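Visitor: Take a look at the letters that make up each chain.
2 protein chains.
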Amino acid sequence: MGTSVNDVSPGEADVHFSGIDRNAVLQALAAVLPPTCLLSELEDLRPWECDGLAAMRQLPMLVALPETEAQVVEILKICQRMGVPVVARGAGTSLSGGAMPHAFGVLLAMAKFRKIVRVDPVARVAVVQPGVRNKAISEAAAPYGLYYAPDPSSQIACTIGGNVAENAGGVHCLKYGLTVHNVLRVRGVTMAGDVVEFGSHALDSPGYDLLALLTGSEGMLAVTTEVSVRLLPTPQLARCVLAAFSDVVVAGEAVAEIIAAGIIPAGLEMMDQAATAAVEDFVHAGYPLDAAAILLVECDGTPEEVAEEVARVSEVLQRAGAGEIRISRDEAERLRFWAGRKAAFPAAGRISPDYYCMDGTIPRKRLGEMLNAIAEMERRYALRCINVFHAGDGNLHPLILFDAAAPGEQARAEAFGAEILERSVALGGSITGEHGVGVEKIDQMCVQFGENELRMFHRVKAAFDPAGLLNPGKAIPTLNRCAEGGRQHVQGGNLPYPELERF
Amino acid sequence: MGTSVNDVSPGEADVHFSGIDRNAVLQALAAVLPPTCLLSELEDLRPWECDGLAAMRQLPMLVALPETEAQVVEILKICQRMGVPVVARGAGTSLSGGAMPHAFGVLLAMAKFRKIVRVDPVARVAVVQPGVRNKAISEAAAPYGLYYAPDPSSQIACTIGGNVAENAGGVHCLKYGLTVHNVLRVRGVTMAGDVVEFGSHALDSPGYDLLALLTGSEGMLAVTTEVSVRLLPTPQLARCVLAAFSDVVVAGEAVAEIIAAGIIPAGLEMMDQAATAAVEDFVHAGYPLDAAAILLVECDGTPEEVAEEVARVSEVLQRAGAGEIRISRDEAERLRFWAGRKAAFPAAGRISPDYYCMDGTIPRKRLGEMLNAIAEMERRYALRCINVFHAGDGNLHPLILFDAAAPGEQARAEAFGAEILERSVALGGSITGEHGVGVEKIDQMCVQFGENELRMFHRVKAAFDPAGLLNPGKAIPTLNRCAEGGRQHVQGGNLPYPELERF
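Those protein sequence lines, which keep their order, are chains R and E. If you count by UniProt numbering, then the first sequence holds residues 1 to 503, one letter each, in order. If you count by UniProt numbering, then the second sequence holds residues 1 to 503, one letter each, in order.
Among the clues, some could well be false.
[What the hints assert, rightly or not] Residues of chain E clear of chain R, computed beta-carbon distances all greater than 10 Å:
| hint | residue |
| --- | --- |
| 1 | Asn23 |
| 2 | Lys115 |
| 3 | Gly216 |
| 4 | Ala274 |
| 5 | Leu289 |
| 6 | Arg319 |
| 7 | Pro353 |
| 8 | Pro363 |
| 9 | Gly450 |
| 10 | Gly468 |
| 11 | Glu484 |
[Stated by the list, open to error] In silico SDA-like pairs for lysine to any residue, Cα to Cα no more than 20 Å straight-line:
| hint | chain 1 | residue 1 | chain 2 | residue 2 |
| --- | --- | --- | --- | --- |
| 12 | R | Lys77 | E | Arg459 |
| 13 | R | Lys175 | E | Thr234 |
| 14 | E | Lys175 | E | Pro303 |
| 15 | R | Lys175 | E | Gly301 |
| 16 | R | Lys175 | E | Gly262 |
| 17 | R | Lys175 | E | Lys342 |
| 18 | E | Lys115 | E | Ser138 |
| 19 | E | Lys175 | R | Glu305 |
| 20 | E | Lys342 | E | Ala292 |
| 21 | E | Lys175 | R | Glu451 |
| 22 | E | Lys175 | E | Glu304 |
| 23 | R | Lys175 | E | Pro233 |
| 24 | E | Lys175 | R | Ala261 |
| 25 | R | Lys175 | E | Glu226 |
| 26 | E | Lys175 | R | Ala260 |
| 27 | E | Lys175 | R | Gly301 |
| 28 | E | Lys77 | R | Arg459 |
| 29 | E | Lys175 | R | Arg459 |
| 30 | E | Lys115 | E | Ala292 |
| 31 | R | Lys175 | E | Val306 |
| 32 | E | Lys77 | E | Leu26 |
| 33 | E | Lys175 | E | Lys115 |
| 34 | E | Lys77 | E | Ala30 |
| 35 | E | Lys77 | R | Glu451 |
Bear in mind the hints are in silico, worked out from the structure with no lab data behind them. None of these values were measured; they are calculated from a predicted model. Note that the Cβ used here is the ideal one computed from N, Cα and C, for glycine as well.
Let the sequences and hints guide you as you build the complete structure.
Guide: Here is the structure:
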């Protein structure tokens with residue numbers, strides 16, 4: 001989020017922790033960890049003060065870098081006994097502040113857990129440690145013609161442990177599912193120091209589905225120490241269809257029509273005119289700059305499957321009112337088509353001192369409506385917004401451009417972002433598709449959920465971590481916070497957009 | 001399970017409930033329900049005394065048949081206040097006794113919740129009440145060219161509420177996923193009478209994934225009152241490949257090779273010689289009776305996709321050592337190929353007074369090994385077993401044939417079944433693929449899970465239902481029960497099969 005930095009002031013959750021004796025915790029941890037696994041000097045702590053949500057910074061009290069599961073167990077037992085918060089961290093690429101440190105807590109960095117335990121090509125499973133990078137799993141599986149499908153934009157850097165914590169998505173998740181659909185088993189440690197196996201390599205493990213519960217729990221239920229993921233055969237071929245539309249609503253309808261025709265492409269992305277203009281200057285992908293919106297539709301499979309799907313997609317796009325339709329002729333052109341989409345975030349950084357990336361979801365059929373609503377908000381907040389969407393999933397990434405140095409702009413950008421999220425919920429969607437809630441969207445959780453749902457979340461949290469020490473203050477707001485914030489739950493009702501039909 | 005009936009004696013969980021005042025409960029419920037919604041006479045209770053696990057029978061104390069969610073809330077509040085167990089029931093087709101009544105409890109029959117609330121063909125979602133039959137959803141969606149994919153064998157009778165409770169599977173789940181992958185949102189009522197919305201129609205609802213937690217929870221966390229399911233486009237065409245093998249191990253390897261080749265068929269089933277012989281006598285499907293095992297491979301999609309997949313499947317099967325390969329020429333032949341597979345259970349009933357259907361899962365590559373182990377057990381227990389498998393999922397349905405009237409046979413059948421399940425776990429699989437644990441496999445849960453996992457299950461249960469009133473005595477054994485039963489956890493260790501490499 002650019003250059004501006006808010007030092008986070010201790011919130012309600014922190015009051016309990018202010019009496020923690022830092023030296024006593026340091027001593028206790030030093031007794032179970034070698035010196036290279038424990039950081040306590042200011043200069044060593046500084047690099048850990050934020051994750052991908054760089055606008056929010058907080059020095060951790062201490063950083064632990066364990067090397068073994070047994071050390072993780074010891075660290076958690078000590079922190080549990082001494083009432084010390086623990087924030088687990090992978091590569092720190094979270095865009096919602098999920099790994100932001102706690103002022104009175106231990107940052108549990110899993111960077112040393114980077115072993116690929118085994119790749120089983122027959123069972124099509126990889127067993128890896130949580131600090132293994134997403135992309136490294138596919139690299140290890142490549143000799144067997146296999147890969148790991150979920151592909152967050154940060155896949156070169158982000159780790160599978162963080163992917164599990166955030167239930168990470170990506171372009172390919174439309175066809176191949178989110179992290180939760182591609183993880184078979186997680187081994188983890190609860191705050192009490194108990195090692196628990198969640199899920200199994202077998203179909204439909206009996207008992208409650210704690211694996212799904214853990215996936216996307218934003219590091220609040222357990223610390224992951226080993227992950228088994230499903231591998232898929234690398235598609236023989238991929239081609240990309242690029243379609244230009246003169247109207248955003250018509251482009252949105254084309255997305256719904258592709259899905260309605262029973263086609264699930266390997267990727268289905270949308271960019272508006274402001275986005276194509278921003279990236280074209282940067283990477284020269286050759287996008288049609290006069291189009292109000294473009295769609296990128298990826299088809300993968302055997303050559304025969306790809307040929308057939310490309311033909312069907314093109315036919316639907318034509319019928320839906322596309323102007324120009326281009327089909328990538330070779331791998332180089334396919335990568336060029338995608339280069340622009342993948343450069344959208346850095347391109348926003350090039351044309352604006354700061355930007356704020358949102359992550360709401362809406363039903364696909366409402367894409368056009370949402371784009372028009374955002375255009376109206378641009379005028380009202382006097383800020384530009386460029387729009388890139390995982391359109392097939394109805395997952396929006398509006399990038400609100402602002403200058404934190406200009407008085408009032410950051411506050412306007414935040415209000416703009418909050419209104420997009422609240423409108424997403426009112427349209428039948430949600431406040432996050434894949435980036436998580438973290439600290440960033442915790443107030444919007446009060447809009448998304450009612451009291452009964454929030455109460456259930458707190459009860460489930462207490463089942464795993466009764467003292468509330470794992471990643472406190474993230475993801476799930478207290479009922480008090482929602483009541484005091486005055487935000488109204490809109491999912492079950494129809495505020496603040498009474499004109500919208502509830503789906 | 002045939003004709004023999006064990007009246008269930010009150011277990012450890014029932015001791016707390018023996019002081020319940022039946023008349024007081026009846027009066028309290030009569031105050032909130034019309035007379036047609038409450039059954040208390042013996043002749044009215046009798047039809048509800050068992051589910052699909054007919055060998056276990058238990059009269060409920062009372063049966064409530066609510067018509068509205070508000071009545072469900074009232075019933076649960078009354079039972080919570082009076083400490084009365086509640087067992088929710090759909091169509092009662094559970095094969096594991098998941099809906100078996102409780103002697104001191106109210107059976108909450110959801111049979112009157114059979115409204116299809118709406119079908120939205122654009123969003124491809126159906127919103128239905130829990131008492132709607134699985135097949136009825138596809139029937140309602142058919143005019144839009146859509147259907148609901150999970151297809152348990154009982155789909156004509158079983159209800160979506162029960163499907164959610166058991167995370168039901170079926171032949172198509174290899175390609176299209178289990179219930180948990182096809183349900184978007186469940187509205188339910190907790191034991192305290194709180195209405196909670198689990199999940200949403202949007203991608204990846206934020207907060208903990210309580211929807212996945214509820215799915216497959218065997219009616220122990222909440223009572224479902226409304227379900228939103230994903231609809232898929234009906235495939236244009238389906239064809240079935242039938243392959244005969246002279247060796248079960250080779251047939252098992254062929255299954256693993258199809259999946260390893262990156263093909264995910266719409267169905268991939270295996271039957272051994274005893275199974276084909278039993279069904280051939282019954283439905284005359286034309287199966288090759290000299291084969292040690294046959295595979296049925298269903299390919300669906302557009303005509304081009306089907307043609308290509310059938311060719312690839314045939315090639316892999318040939319290379320893997322199939323003898324005869326037949327490809328269905330028309331819809332009539334395709335249905336005939338499947339008729340035998342679908343008649344396997346009734347065919348077992350024809351050739352044996354009783355049978356016991358198991359539901360373990362194993363890694364696909366170990367199918368042949370498992371079949372040989374079962375053959376050895378047949379000799380040791382002196383009982384016949386016919387084998388039908390959802391082979392693509394590694395989900396076994398061995399049908400152990402016995403005569404409950406013959407002294408000792410039922411006990412031998414149960415020991416045989418338990419050994420199959422324990423061997424499944426030792427091979428890296430699980431004790432149930434799709435039928436649930438219920439009362440039937442509760443002791444095997446002690447083999448599948450260790451203390452830490454069981455303790456987490458109990459904590460999660462307590463988060464939803466602290467008094468333990470929803471479906472008590474099912475699915476999750478107490479730690480005491482496991483300790484007293486003397487069953488050893490084998491997943492994490494290597495007992496009782498030290499010769500097996502742990503996967």
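Visitor: For every hint, state whether the structure bears it out.
Guide: For each hint, the structure was consulted:
1. Asn23: Given a closest Cβ separation of 32 Å, the condition holds.
2. Lys115: The claim stands: E:Lys115 keeps its Cβ more than 10 Å from every Cβ of chain R (closest is about 18 Å).
3. Gly216: Its Cβ does come within 10 Å of chain R, the nearest being 6 Å, so this is violated.
4. Ala274: 24 Å, holds
5. Leu289: 30 Å, holds
6. Arg319: 16 Å, holds
7. Pro353: Given a closest Cβ separation of 29 Å, the condition holds.
8. Pro363: Label violated. Min Cβ-Cβ 5 Å, cutoff 10 Å.
9. Gly450: 8 Å, violated
10. Gly468: With a cut-off of 10 Å, E:Gly468 remains clear of chain R, as the shortest Cβ separation is near 14 Å.
11. Glu484: Holds, since 19 Å exceeds 10 Å.
12. R:Lys77 / E:Arg459: 19 Å, holds
13. R:Lys175 / E:Thr234: 17 Å, holds
14. E:Lys175 / E:Pro303: Holds, because 18 Å separates the two Cα atoms, which is no more than 20 Å.
15. R:Lys175 / E:Gly301: Holds - the C-alpha atoms of E:Gly301 and R:Lys175 are around 15 Å apart, at most 20 Å.
16. R:Lys175 / E:Gly262: With a Cα-Cα distance of about 15 Å, the restraint between R:Lys175 and E:Gly262 holds, given a limit of 20 Å.
17. R:Lys175 / E:Lys342: 30 Å, violated
18. E:Lys115 / E:Ser138: Holds, because 14 Å separates the two Cα atoms, which is no more than 20 Å.
19. E:Lys175 / R:Glu305: 16 Å, holds
20. E:Lys342 / E:Ala292: At roughly 19 Å apart (the allowed maximum being 20 Å), E:Ala292 and E:Lys342 satisfy the hint.
21. E:Lys175 / R:Glu451: 37 Å, violated
22. E:Lys175 / E:Glu304: 18 Å, holds
23. R:Lys175 / E:Pro233: 15 Å, holds
24. E:Lys175 / R:Ala261: 18 Å, holds
25. R:Lys175 / E:Glu226: 27 Å, violated
26. E:Lys175 / R:Ala260: 19 Å, holds
27. E:Lys175 / R:Gly301: Holds, at roughly 15 Å.
28. E:Lys77 / R:Arg459: Holds, because 19 Å separates the two Cα atoms, which is no more than 20 Å.
29. E:Lys175 / R:Arg459: 35 Å, violated
30. E:Lys115 / E:Ala292: 46 Å, violated
31. R:Lys175 / E:Val306: 19 Å, holds
32. E:Lys77 / E:Leu26: 14 Å, holds
33. E:Lys175 / E:Lys115: Outside the cut-off at roughly 28 Å; violated.
34. E:Lys77 / E:Ala30: OK: E:Lys77 and E:Ala30 at ~14 Å, within 20 Å.
35. E:Lys77 / R:Glu451: 18 Å, holds
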